[in-house]
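*Asks:* Listed below, chain by chain, are the residues.
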Amino acid sequence: MDPSLIDWSRAQFALTAMYHWLFVPLTLGLGVIMGIMETIYVVRGDEYWRRLTQFWMKIFGVNFAVGVATGLILEFEFGTNWSNYSWLVGDIFGAPLAIEGILAFFMESTFIAVMYFGWDKVSKRFHLASTWLTTLGATISAWWILVANAWMQYPVGMTFNPDTVRNEMSSLGSFFTVAFSPMAVTKFCHTVMSGWLTGAVVVVGISAWYLVRHREERFARSSMLVGSIFGLVACALVMLTGDTSGVIVGKTQPMKLAAFEGLEDGSEHAPLTLVGDLKVPNMLTILATHQWTGFVPGINDILNGGYKLPDSTLALSAEEKMSHGAIALDALTQYRTAKAEGSTEKVEDLRAKLQENLPYFGYGHIKDKKDLVPPVGLLFWSFRIMVGLGSLFCLVFVLIIVLQYRKKLTRWPLLLNVSTWCIPLVYICSQAGWICAEVGRQPWAIQDLLPVNAAVSALQSSSVRVTFFIFLLIFTLLLVAELGILFRVVKKGPQIEEATPQNT
Amino acid sequence: MITYDFLQQYWWFLISLLGGLLVFLLFVQGGNSIYQSLSYDETSRRMMINSTGRKWEFTFTTLVTFGGAFFASFPLFYSTSFGGAYWLWMLILVSFVLQAVSYEFQSKMGNVLGKRGYRLLLQLNGFMGPFLLGATVATFFTGSEFTVNQFRLSEIGNPIVSIWNSPWHGLEALANPWNVVLGLAVFFLARVLALQYFINNLRDEVLESRATVRLVGETALFLVFFLAFLGRLLTMEGLAVDPAGIMKPEPYKYFFNLIQQPVVLVLFLVGVALVLYGTLRTILSKTFRRGIWFSGTGTVLTVTALFLLAGWNGTCYYPSSIDPNSSLHLSNSCASMPTLQVMSIVSLLIPFVLAYIFYCWRAIDRKPITREELDREKHLY
Chain A
1 MDPSLIDWSR
11 AQFALTAMYH
21 WLFVPLTLGL
31 GVIMGIMETI
41 YVVRGDEYWR
51 RLTQFWMKIF
61 GVNFAVGVAT
71 GLILEFEFGT
81 NWSNYSWLVG
91 DIFGAPLAIE
101 GILAFFMEST
111 FIAVMYFGWD
121 KVSKRFHLAS
131 TWLTTLGATI
141 SAWWILVANA
151 WMQYPVGMTF
161 NPDTVRNEMS
171 SLGSFFTVAF
181 SPMAVTKFCH
191 TVMSGWLTGA
201 VVVVGISAWY
211 LVRHREERFA
221 RSSMLVGSIF
231 GLVACALVML
241 TGDTSGVIVG
251 KTQPMKLAAF
261 EGLEDGSEHA
271 PLTLVGDLKV
281 PNMLTILATH
291 QWTGFVPGIN
301 DILNGGYKLP
311 DSTLALSAEE
321 KMSHGAIALD
331 ALTQYRTAKA
341 EGSTEKVEDL
351 RAKLQENLPY
361 FGYGHIKDKK
371 DLVPPVGLLF
381 WSFRIMVGLG
391 SLFCLVFVLI
401 IVLQYRKKLT
411 RWPLLLNVST
421 WCIPLVYICS
431 QAGWICAEVG
441 RQPWAIQDLL
451 PVNAAVSALQ
461 SSSVRVTFFI
471 FLLIFTLLLV
481 AELGILFRVV
491 KKGPQIEEAT
501 PQNT
Chain B
1 MITYDFLQQY
11 WWFLISLLGG
21 LLVFLLFVQG
31 GNSIYQSLSY
41 DETSRRMMIN
51 STGRKWEFTF
61 TTLVTFGGAF
71 FASFPLFYST
81 SFGGAYWLWM
91 LILVSFVLQA
101 VSYEFQSKMG
111 NVLGKRGYRL
121 LLQLNGFMGP
131 FLLGATVATF
141 FTGSEFTVNQ
151 FRLSEIGNPI
161 VSIWNSPWHG
171 LEALANPWNV
181 VLGLAVFFLA
191 RVLALQYFIN
201 NLRDEVLESR
211 ATVRLVGETA
221 LFLVFFLAFL
231 GRLLTMEGLA
241 VDPAGIMKPE
251 PYKYFFNLIQ
261 QPVVLVLFLV
271 GVALVLYGTL
281 RTILSKTFRR
291 GIWFSGTGTV
301 LTVTALFLLA
311 GWNGTCYYPS
321 SIDPNSSLHL
331 SNSCASMPTL
341 QVMSIVSLLI
351 PFVLAYIFYC
361 WRAIDRKPIT
371 REELDREKHL
381 Y
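Residue numbers (the working numbering), protein chains in the order written: chain A, 1 to 504; chain B, 1 to 381.
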């Protein structure tokens, strides 16, 4: 296998996923904010709130189109670039993807048409329902794709079938094990709520921009009120689900957690590193185990094994896992021959041997134990950027709510400017979060079962390199175009004050 | 009793139905390829772009669902075809991606490429999308160069299950004239449907009269390519698979598939008749505007029947031209029983999905698009 093929395939998928993740969070968050605003319009019957909703819908529409476009590529890249992966896990991964299409995409694409073109064609309530259903469709879509993603991080509910050489859903009930695994539920909540946070930051940031310039003041204050309250709620939920995520990652992907912390050697009272030598004693143990005392393994512990796992067994070393993996692969090869020979007893022996070593199946394709360590520096800083910026947004929302309540918001231009600067920061924050989740999983396409070097399609490296640059060009062009349009829309403003009588 | 075999057949039916719906919804692409030559001023162009612009998401979503459903129900096809015919699929995807933003961006200030740039991309998708999809579907009958061996997964260093033999990775399909013929048939069908859709959805005398005239030529071209492919299909050899999984070539396989499956035969004949009825009546009657519904339904039925010919009745739906034993049929490429069961339960919601699509579509299209409506509408492309 050409190593550059793996690198380019990873680069292309990362490029697509990261661009896609630039647009999706705003869709999720702004969708809810638009829904709240339109609900106020329908309840109060005030035309002002309709125009306010329509302004944010303009931004939603431009952003939505690029999200849809990048999403299409992402779905098909599972097949084009990761064909082995598609076969090995298609039986489990494909089902959420198909359900996403049937249930979520059609809901989104149908009701978004009513949302944009139905203002004067359908009743107020039907229109409101369409706005909420568009957002609901996007959120359900996120649910299923995150179920699939969570399964890659924490594969459950499947059985390896040596006859078809793939993982298959164990039973009808195991679908629910996949769909509602703790990893899936937490990942969904954390990711979707981070999208809400993004939407809130964008709404508050743009409104602050108007307030600093003394433009569209009524519109800006209304939007800011909705955005900041919604944002603060989202912040709290993101923190809560982030904490739960930490515990689950500690249990299921200890290497990822060790890389987040740059933790070489573990301990019973592991400290949390803030930056450099600044550490909070025992805090990592508390966050990762929710207990005062508990062993958090470091990178060396995980590679060397020998520490006690939560179930009181001893952790295997990387070499032992690789050896078990090689046995599993060898058993699979022999299984085929035995099956062809019709040797029932041998077939059963090999099947048992395969099952016994199956938890380490993927380690058979690992050449060097160093490959099991993800890029620590990148993860260490991504994690801190994510948490640090998240805390900043929380503080900004609290201050804005307090100052709005005291009617002193415009006396704090610095805060308003910071709010606007939070817009690029929230994107950096969500990209950092995505890096934590996905780079932290390396070298695994599916944790412990399939490393990326055994998951790729048999293509020429040069082909993937060419498509990488084609997508880079297209996505960058789309991003620049989107930003160009959004800047114009914001600069022009909603012009509500001129158009709507002040009847509230 | 719902057996594994039944679920495989059922899911091939759903894939076929999705394929049929996708080809019908390609009227959006047909409109993109034809609007420039059909228009007579900027407003007429905008009318057509806004007309298809309110439907592009349906085509896009159906394409995504088609891919997702294939992934879930026949994962070996997904991994073999997408990972192998890499360039063919990439061209299709790029053309659809560019289309997705072109509607929304074209009339907005600050869009970098300008209105003409985005319209050019719409046209590119209009020409490339239907043709390439048609050519790709043709490989379900004409075959591709690949081998499949799941046990290669245990080979350390080179664990690749599906290997594509041609270095062109899918582009070689365009060297087979019969793939090109079906590609052109789908391309002209998309334009035939688009013209009938415009006649139904727009109120502009000049446009309607131009569309009717164009319909004659486009229908003639569609029929030439469609009948040529059909003739070839019904006389060509197919790869049959018996219940034990033994595959062997069989002369006139698709012809026999048609006559041995009366349901498919009826679907096919009714489909073709509806397309012809809708199209011919639109051409002959100046007041008849509902041709798209007849032709659209006919397209769905005909394309569904063609997919069923490819996969039902013990047929390899994705034949390998270099190693017949690597060919894919329903039972060697499908998902496991529990996965098919779960998805089958979910598929019971499809009628509900179709019902709300129908309801919303009607709500939006209750009033045809006119020049006056474009002046009033706030969300314009």
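Please keep in mind that the hints were generated in silico from the structure rather than gathered at the bench.
There may be inaccurate statements among the hints.
[What the hints assert, rightly or not] Calculated pairs, DSS-like style, for lysine-lysine (alpha carbon to alpha carbon, straight line, at most 25 Å):
| no. | chain 1 | residue 1 | chain 2 | residue 2 |
| --- | --- | --- | --- | --- |
| 1 | A | K308 | B | K367 |
| 2 | A | K492 | B | K378 |
| 3 | A | K58 | B | K367 |
| 4 | B | K115 | A | K370 |
| 5 | A | K58 | B | K108 |
| 6 | B | K248 | A | K58 |
| 7 | B | K248 | A | K124 |
| 8 | B | K286 | A | K124 |
| 9 | B | K248 | B | K286 |
| 10 | A | K279 | B | K248 |
| 11 | B | K367 | A | K492 |
| 12 | B | K248 | A | K491 |
| 13 | B | K367 | B | K378 |
| 14 | B | K367 | A | K491 |
| 15 | A | K492 | B | K248 |
| 16 | B | K55 | A | K279 |
| 17 | A | K124 | B | K115 |
| 18 | B | K378 | A | K339 |
| 19 | A | K121 | B | K248 |
| 20 | B | K55 | A | K491 |
[What the hints assert, rightly or not] Far from chain B, some chain A residues (derived; all Cβ distances over 12 Å):
| no. | residue |
| --- | --- |
| 21 | K58 |
| 22 | D120 |
| 23 | T139 |
| 24 | W144 |
| 25 | S170 |
| 26 | H269 |
| 27 | K346 |
| 28 | L399 |
| 29 | L450 |
| 30 | V464 |
All values derive from a computational prediction rather than experimental measurement.
Glycine residues also receive a C-beta, built at the ideal position from the N, C-alpha and C atoms.
*Asks:* So, for every hint listed, does it hold in this structure?
*Replies:* Going down the list of hints, with the structure as the test:
Annotation: proposed proximity of K308/A to K367/B is violated, straight-line Cα distance about 71 Å (limit 25 Å). For the hint pairing K492/A with K378/B, the CA-to-CA distance comes to about 15 Å; that is within 25 Å, so the pair holds. Among the hinted pairs, K58/A with K367/B is consistent with the structure: their alpha-carbon atoms are about 23 Å apart, no more than 25 Å. Between K115/B and K370/A the CA atoms are separated by roughly 52 Å; this puts the pair beyond 25 Å, and the hint is violated.
Between K58/A and K108/B, the direct Cα distance comes to roughly 10 Å. Compliance with the 25 Å bound is thereby established for this hinted pair. The straight-line distance between the Cα atoms of K248/B and K58/A is roughly 58 Å, outside the 25 Å bound, and the hint therefore fails. The hinted pair formed by K248/B and K124/A fails the criterion: a straight-line CA distance of about 61 Å is larger than 25 Å. Distance restraint check for K286/B and K124/A: the Cα-Cα separation of roughly 37 Å exceeds the 25 Å cut-off, and the hinted pair is therefore not satisfied.
Under the criterion of a C-alpha separation no larger than 25 Å, the hint pairing K248/B with K286/B is inconsistent with the structure, at around 52 Å. For the suggested pair K279/A and K248/B, the alpha carbons sit about 70 Å apart, so the restraint of at most 25 Å is broken. Distance restraint check for K367/B and K492/A: the Cα-Cα separation of roughly 31 Å exceeds the 25 Å cut-off, and the hinted pair is therefore not satisfied. A threshold of 25 Å between alpha carbons decides the hint, and for K248/B with K491/A the separation of about 67 Å lies outside it, so the pair is violated.
Between the alpha carbons of K367/B and K378/B the distance comes to roughly 16 Å, so the proposed pair stays at or under 25 Å and holds. Distance check on the hinted pair: K367/B and K491/A sit about 34 Å apart at the alpha-carbon level, beyond 25 Å; violated. Proposed proximity of K492/A and K248/B is contradicted: the alpha carbons are some 68 Å apart, above 25 Å. Of the pairs offered as hints, the one joining K55/B and K279/A is violated, with about 56 Å between alpha carbons and a cut-off of 25 Å exceeded.
Taking the CA atoms of K124/A and K115/B, the gap is about 33 Å. The hint is violated against a cut of 25 Å. Of the pairs offered as hints, the one joining K378/B and K339/A is violated, with about 67 Å between alpha carbons and a cut-off of 25 Å exceeded. Distance hint between K121/A and K248/B is unfulfilled; the C-alpha atoms sit about 58 Å from each other, more than 25 Å. Proposed proximity of K55/B and K491/A is contradicted: the alpha carbons are some 30 Å apart, above 25 Å.
In this structure K58/A is not separated from chain B by more than 12 Å, as the shortest Cβ-Cβ distance comes to only about 8 Å. Listed as a non-interface residue, D120/A fails to keep its Cβ farther than 12 Å from every Cβ of chain B; the least gap is roughly 8 Å. Interface exclusion of T139/A from chain B stands, the closest Cβ pair being 16 Å apart, more than 12 Å. A cut-off of 12 Å between C-beta atoms contradicts the statement that W144/A is not in contact with chain B; the least separation is 9 Å.
Its beta-carbon lying about 7 Å from the closest one in chain B, S170/A breaks the requirement of being farther than 12 Å from that chain. Under the 12 Å C-beta cut-off, the non-interface status given to H269/A relative to chain B holds; the minimum distance is some 41 Å. Against chain B, the non-interface label of K346/A holds: every CB pair exceeds 12 Å, the least being about 16 Å. Every C-beta of chain B lies more than 12 Å from that of L399/A, the closest at about 32 Å, which supports listing it as non-interface.
Distance check on L450/A: its Cβ comes as close as 9 Å (rounded) to a Cβ of chain B, failing to clear the 12 Å threshold; non-interface status is violated. For V464/A, the non-interface assignment is contradicted: its Cβ lies about 8 Å from the closest Cβ of chain B, within the 12 Å cut-off.
Comparing the model with each earlier hint shows violations of hints 1, 4, 6, 7, 8, 9, 10, 11, 12, 14, 15, 16, 17, 18, 19, 20, 21, 22, 24, 25, 29, 30; every other hint is respected.
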